[in-house]
Every structure is written in C-alpha cells, then in structure tokens.
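Engineer: Please build the complex by placing chain B on the supplied structure of chain A, with the hints as guidance.
The chain contents come next:
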Amino acid sequence: MRFIRKTRYEQDINLIKHNGQVLWYGLLLLALFAGPLWLDRFLLGEFAFVFIYAIAGLGLMVLVGYTGLVSLGHAAFLAIGAYVHAYFLNQGLPFPVTMVIATLFSALVGGLIAIPALRMTGIYLAVATLAFAVIVEQVLVHWESVTGGFRGMPVPRPELFGVNFASPTVFYFMCLVLLLGSMILVMNLLRSPAGRAMTAVRDSETSAESMGIHLARTKTLAFALSAGFTGLAGALFAHRLTYLAPDAFTIITSIQLLLMVVVGGLGSLHGVIYGAIFIGLLPQGIAIFRDSVPAAVAQIPGLEPAIFGLILILFLIYEPLGIYGRWRKVRLFFEEFPMYRKATYKRQKSFLRTERLQ
Amino acid sequence: MEVLQLLISGISQGCVYGLIALGFVLIYKATEMVNFAQGDIMMLGAYVAITFISLWEVPYYWAVPATILVMATVGVILERVLLRPMIGEPHFAVLMLTIGLGFVLRALAGAIWGNEPRALPMPYVGDVLRLGEVVIGYENLAIILGTALLCLLMWLFFSFTRIGIAMQAASQNQLAAFYVGIPVKRMFSLVWALSAAIAALAGILTAPVSLVDPLIGFVGIKAFAAAIVGGFGSMPGAIIGGLLVGVVEQFAGLYLPPGFSDMSAYVLLLVMLVIRPQGLFATMQKKKV
Chain A
49 MRFIRKTRYE QDINLIKHNG QVLWYGLLLL ALFAGPLWLD RFLLGEFAFV FIYAIAGLGL
109 MVLVGYTGLV SLGHAAFLAI GAYVHAYFLN QGLPFPVTMV IATLFSALVG GLIAIPALRM
169 TGIYLAVATL AFAVIVEQVL VHWESVTGGF RGMPVPRPEL FGVNFASPTV FYFMCLVLLL
229 GSMILVMNLL RSPAGRAMTA VRDSETSAES MGIHLARTKT LAFALSAGFT GLAGALFAHR
289 LTYLAPDAFT IITSIQLLLM VVVGGLGSLH GVIYGAIFIG LLPQGIAIFR DSVPAAVAQI
349 PGLEPAIFGL ILILFLIYEP LGIYGRWRKV RLFFEEFPMY RKATYKRQKS FLRTERLQ
Chain B
30 MEVLQLLISG ISQGCVYGLI ALGFVLIYKA TEMVNFAQGD IMMLGAYVAI TFISLWEVPY
90 YWAVPATILV MATVGVILER VLLRPMIGEP HFAVLMLTIG LGFVLRALAG AIWGNEPRAL
150 PMPYVGDVLR LGEVVIGYEN LAIILGTALL CLLMWLFFSF TRIGIAMQAA SQNQLAAFYV
210 GIPVKRMFSL VWALSAAIAA LAGILTAPVS LVDPLIGFVG IKAFAAAIVG GFGSMPGAII
270 GGLLVGVVEQ FAGLYLPPGF SDMSAYVLLL VMLVIRPQGL FATMQKKKV
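Which chain is which? The protein sequence lines are A and B, in order.
Per our numbering, the first sequence runs over residues 49 to 406.
Per our numbering, the second sequence runs over residues 30 to 318.
Isolated chain B, as found in the complex:
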C-alpha cells in the first residue's frame, strides 16, 4: 500500500515536471530554441495567480483564465523582444540567453512579490480522496487531472485545427513552411504564448502543493532532465519522462540515503544519456558521414 501511495505522489509531482517539460518541448519543436527559463515562467505564472486571487480577490473561475491570458501575453512579449533577434543563431546562444532571462525573472519576482514563500489558496486545497487505504489530496488529483486534460487538448489542437497543423509544419521545416505561405514568425509568437500558458497552468496547479517563492523555477532544471529522458522534441515523451522522474524521485527519497532524492533526476538523466542518448521517444538522429 505504501508503494501505491508513493506511486501516486510521484505521479502528481511527475505531472508538474511533465507540464514544464511540455513547454520546453513545444518551443523546441517549433523554433529549435531551448527555453531554459521555462521554470521561471512557471514561477511567474504562480505569482500572477496569487496576485489575482489573494491580493485582488478575483473569483477563481475568472482568475485562472486571466492568469493564463496574462502569461500568454508575457510569452509573446519575450519572444518578440528577446528571441526574435536570435533566429538563426546557434543553439547554445539561445540557451545562454534564456538562462540569463531566468536570473532576471527571478530577481524581478523577488522585487515585486518579495522573497517570503506565499501560498495560493485554491478552493479544493485540504480535502482528500480515500480509495481503500490510499489517500490522495485533491490538490494532487487536480494536478493529475489537469495534466491529462491538457494533453488531450494539445493533441486535439495539433491534430485537427488549422493553426495547430500550420505550427507543426513550421516546426518541421521553417523554410518550406514559409514557402507555402505559413507566417512562420507569427507561429513562433504563438508557440511562445502557448508554452507560457502551459507554464502558467503548471504554476497554478503546483502552487497549492508547494509554497511559491522566486526560486521554485529551479524545478525547471529537473523538468529539463525529464524532457531529455523522454526524448527532447516528443510531446508524449515529455509527459512520460516527467512521470518517470517524479516516481523515481519519490522512491529514491524513501529507499536511498538522504541526498539521493535530489540527485536522482540527474542520475536518471546521465544513465539515460549513456544507454539511449536519443531518449525514450527519439526525434533526433546522429548525422551519418
């Protein structure tokens, strides 16, 4: 029973990693850029939600969509101001740029909202669901259900809508997509909006479980490990990688000496890179000479 309980808390933590990883993967797929600030955008999303709900006392059903909208706008602004000039630059330049962005966002959040951890009071916090002997907090359940719902929506969006298909085209070949009349740059803005919105959702879902402070964005590094374990550039891979990292972390926390829980995601990453460098769901291949 203990195992099942651990599994569920691992899955709920893994869903958070998965959601952030999904944001990484979206941007990577569409623009071949790596956004290392994804975790910090999530942190920003959580703070915006706190501002709406705790400080301005906006009802939940308005606050959540408003947060997502605000963060989507932030995503577009970031893309237009910082990332647009970097199109065609080497990967690592963009990587460094977003690392720098992460530091700036962290200090910005600290300046606006202060450094003390804050709680996000959502209406479902505190209740638990009992299934036999297993106890699931509603906040964990919300994470799992929210992630599942989001995955379904994403799948529908990318498979059946015109914009979704155009986005796929832009991500597969920028030049060819441009030739057939897809506004590639606008697609990039849209992708950033989408991934910032997902990050905001991840922030809202995770805030009731862990308190929010400017440093929670460091979760992004673990989520990055998850994205690579899943095979960078694959959306189901991102979620599965996230779940894997979350579950492994929980079990390492119980069965291994202290310190291994924090390390487990990275150990998993290194092991994965040694035995299967392309990840679980490969989207890259080595160039052959």
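So that you can see chain A by itself, here it is in the shape it has in the complex:
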C-alpha cells in the first residue's frame, strides 16, 4: 500500500499524484503510440472506434457523472456533430476546420438546450433531452435538402496536404491524439473552479447555490462542453460510418452512450475508458454469443438491445459503481490483503427525500 505524504497544498490538485502513475500511464501511452506495430488493420479500426466512443463518453461523463444531469438524448449531439461535419466537408472546407465547426456548433446547440433544461432537474431533464433527440431525428429525416433524409449523406474522405486521413493508421493516430487532448482538457477542467462547481451542483444544488455557485452558468457550461465533446466524437464517427443516415442516431444510440458511462463507473474518468472498451467490444461479444446459442435464440429480433438492457440492469443492481468501482474493490482487497473488510463498500440504507409539495 502506498502512503503519500503531502507537503504542499498543490499536491491536492496535481494531475499526477505519484511517480508510480508516471510509470504505468507512460507505459500505456507507449503501447498505444506503438499501436500500428502490434495491431493489425482490423484491430486498429476497432481501437479507433473505442477512442471515438471514449471522446463521446467523456462528454457524457462531464454531464452525468460530474454535474449530475442525466441526458437521454446525447445521440442528437453525436448526429449534429456528424452531419455538420459532413455538410461542410461536402462544401469543400478542409476537414480540421469542419471538425472545429462541428464541435463548436454542437456546443452551441448544447448551450441553447440548457436554457430550458436549467429550470428542471432529474427526470424532467432526462425527458426533455429525450424529446430534443426525437425532434433532431425527425429533422434529419425530413430536412432532405440538407441531410438527404433517408437516402443519407456521403462523407467525403478526409485529406490534408496529400495525406489520406482515412487510412487505418492515420485515423487511429488522429483519434488517439484527439482523445488524449480531450482527456487532458477534462482533467484540467475538473480541477478548476468551474469543474469543482459542477461536482458541487451534482452533490447538492441547494448547498451549491448557497455557497454562491451560479447554478445556471455551471449547468449551461456543463451542457455546452458535454455537447461539444460529443459533437467532436460525432465528426469522427461520420468518417467511421462513411455514409450518414438518421437511423444511426436513434434513442438506442443515446442509451448505448449512457450505458457506457454507467457500466464504466459514474464519476470517474477511468470509467469512461472502461465503458468505451466495453461498448466497443460488446458487438463482437454478441456475435460470438449468437454463434454459440441455438439458432432459434440467435434469431430473436431486438436481441442486441435486450442484451444491452440486461447488462444495464445487472450493473445497476449489483455494481452501481461500474467496472471502475469493481476494480477499486479488487485493488483494495490486495492492498489490505488479509485484512480486507467487505463492509468497506457496503451501501448505506437510505430513504428518499421527496421533492414534492406535501
């Protein structure tokens, strides 16, 4: 077990807590940057996909995990990012510019959505975002002059200075660098006053407000940032799909995104990565599952969402802290080896305090 002796106040907000982290995260980075050496084309593509999911997950984590606002409509921001990106690419703009435009536009829409959202909490907000996602989906279907409706919209190949960014290796590095950038941004955000304000709003709006935190500003910022990250992920996602159609951005996508942060572990950045890996690998797992069960079971329509649903239920009941929470328990078990007490993470019984008029 490691004891950290704190001698300076800055140690509390340092990104790197101790030298062990430098070693392990350094090794991880090295392995990832050497990815093309030990991964084949298929796996490179899958890794890039996981990175894209992780960027979207970062956005959702800022909102759900750190600000405590639940969004059931994040597929809408993914869609906005993807469509804006593809639209401007088709207009002939270079792709880094369109990516920035897509990110900023999503953030702007997120900020606008936050205005009605500020007046509500909990389920009201979740449903408002759901309504927003449904409206966006309908707009994508019916605004054919821009989005192509159900016919879809081609995504041009990203090229810059003669380099083809759609080739697996380059795309892998682009996604990796963008993920690392977003990650550092979010880590810095969380130790800044704005990030601390978000956590305070999550824990108790009432006490946050009485400490002088501007609720509306904090929530709007969280929404805009969250939408921005998701929009960036959407722009990358567009290249992965290469052809955009509204049915890629339905409520199931929103649920999948939410599943990612819940399964990974709410309120931790590790959780985002675990969740993204989980969601990225799940389709492969389901494919294997389909092959190993009788055909009658494998042919059930809606089997994939049902498995998503089942996993969600099991995690919520048995491991609400997600994969990261489980990992922490395992680590504590070994750190305290013979002395581990199961009760350390026992959930406290609690009663719900009503928000209603009595």
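Everything labelled a hint here was simulated from the structure, so no lab data went into it.
The reader is advised that the hints may include incorrect statements.
Straight-line C-alpha distance at most 30 angstroms; calculated DSSO-like pairs for lysine-lysine [unchecked claim]: (1) K54(A) with K390(A); (2) K65(A) with K394(A); (3) K390(A) with K377(A); (4) K65(A) with K390(A); (5) K214(B) with K394(A); (6) K390(A) with K214(B).
Chain B side only, calculated, beta carbon under 10 angstroms to chain A, not exhaustive [what the hints assert, rightly or not]: (7) V63; (8) P114; (9) M115; (10) H120; (11) L124; (12) A138; (13) A256; (14) F261; (15) Y295; (16) L297.
The model shown is predicted, which means the values in this text are computed figures rather than measured ones.
Every residue, glycine too, gets a C-beta built ideally from N, C-alpha and C.
Structural biologist: Just chain B now, with coordinates in the frame of chain A:
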C-alpha cells in the same frame, strides 16, 4: 364537422396516452420511481390478452379479468425482483433500470409472439356510432368510456378505501407512513400491481385500434411527455396531459407538414417545460435556498 371528428379521434388516442401516463404517475407518486417500461408493460398486456382470446379462445368476459390479473402479478414480480433492491437509489438509476427492462421485455415479446403485427378481435370492433355527421368507432368509444370508468374507480379507491388511503400516506412520506404502521414495501408491490393492471387495460383497449407488435411500447415515451405536461405526480394531470397530447397530435397531422405529427408531443413537452416547468397541475416545487 371535420374539427369535431378530429377532436374525437384525438380524445380517444389521448385516453390511451392518459392511461399509460396514469401508470407512470401512480408509481411515481407512491415510490418516487420512474417506470420507463410502462409502455412495454402495456404491450405485454395486449399480448397476454391476444393469447387468451385468439390462441386459447377464452370468452371475453373471462379473458379481460384474467389478463389484468396476470399483468398485476407480473407487476408484483418486477417490483420484487428488480425494483426492491433499488429503494433509496438515485432517481436516474431507476430510470435507467426500467429503460433496460423495456428493451428486455420487447425482445421477450418478440421471442414469444413473433414480430408480425397481430390483431386483437374484440366483439365490438367494426361497428360505428353515428351522432349527426360525426362517426365514432365503437373501439374508440370503448377507450373513452373505459378511461372514464377507470378514473372514477381510481378516485373512489384512493379516497374511500383503507388501502387506498394507506397508499397515499406511503407516497407522501415513506418514513412517516412506516412509523404509523403502514407496510410500505407491501404498498409498493401493490402500486406496481395496480399500475401494471392499468397498463394491461390500456393494452386491451388500444389493441383493436392499432395492431399489436413488440414496438408499440414506444407509445410510452409519448405518454411520458403527456404525464409531464400534466404535471408529473398528478393523476388528473396525467389524463388531461394525455388528452392534450392526443388532440394536438391529430391536428398537427392534418394542418402541418408531414413529420410534425410525430414530433408534436415532444414540441408540446419542450414548450411546456419552458413556460411552466412544473406542468399543468404542479406537484413539485423548486427548493429554495
């Protein structure tokens, strides 16, 4: 006359939303949980009714109560197995859990009854009632009358029966209700049974109008919008919100370009949340610092 005709079909569709919304509100009032799978429980109810009536050829007057009973049991089982461990957990965890449950139920229904739409043959289907120039199908009339009757029953139940009053107490303050000797957990089971029964009734009433397939549960999302428009947690609000959504949807379908009919419920919801976030019949208030 066209307007009146639209109004009536809007009301009958709105009653379905209202019934599902009523199920949402009941569970929310009693347990402060949000059951997003309410629409899917309705779908299950419709399928159970089809099983009794079409497949096993049970007479109607037995099949309907049997369906309601079966679904009430399903409600209790769901509460005991899935929701009991979640007491005291945050709202959104329960919300997510029931969303997951909805997906599971949909796949389950698809596996058992197949994905092709099925019809529920009720004896009154096909006849129409003519009032002047307005034509009302008996199946629509059944929805409206069934909803009205159910509202009356619910009102009587919650105002005058011992269990109903105990349920109200449990919903107002779990801890205080427990102290005065109300078995709060049993009340929760009962509320789930009740709301699943209502969902089953909604399924039976709506099945003759629209065919039944595993995806009809998505109506639940619109009903949810209706519940919020009415002020989540208010029973008359649920019905009125449902009617409002149903009527607006019909008129949007006629007077606005295509696509708006599907969107109208959500637009209404967003507008409502902006101008009056607590809904028509407020039961919540913002905490003051």
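Engineer: Does each hint hold? Answer for all of them.
Structural biologist: Evaluated hints:
no.	hint	verdict
1	K54(A) with K390(A)	holds (29 angstroms)
2	K65(A) with K394(A)	holds (27 angstroms)
3	K390(A) with K377(A)	holds (9 angstroms)
4	K65(A) with K390(A)	holds (27 angstroms)
5	K214(B) with K394(A)	holds (22 angstroms)
6	K390(A) with K214(B)	holds (27 angstroms)
7	V63	holds (5 angstroms)
8	P114	holds (5 angstroms)
9	M115	holds (7 angstroms)
10	H120	holds (5 angstroms)
11	L124	holds (6 angstroms)
12	A138	holds (9 angstroms)
13	A256	holds (9 angstroms)
14	F261	holds (7 angstroms)
15	Y295	holds (4 angstroms)
16	L297	holds (9 angstroms)
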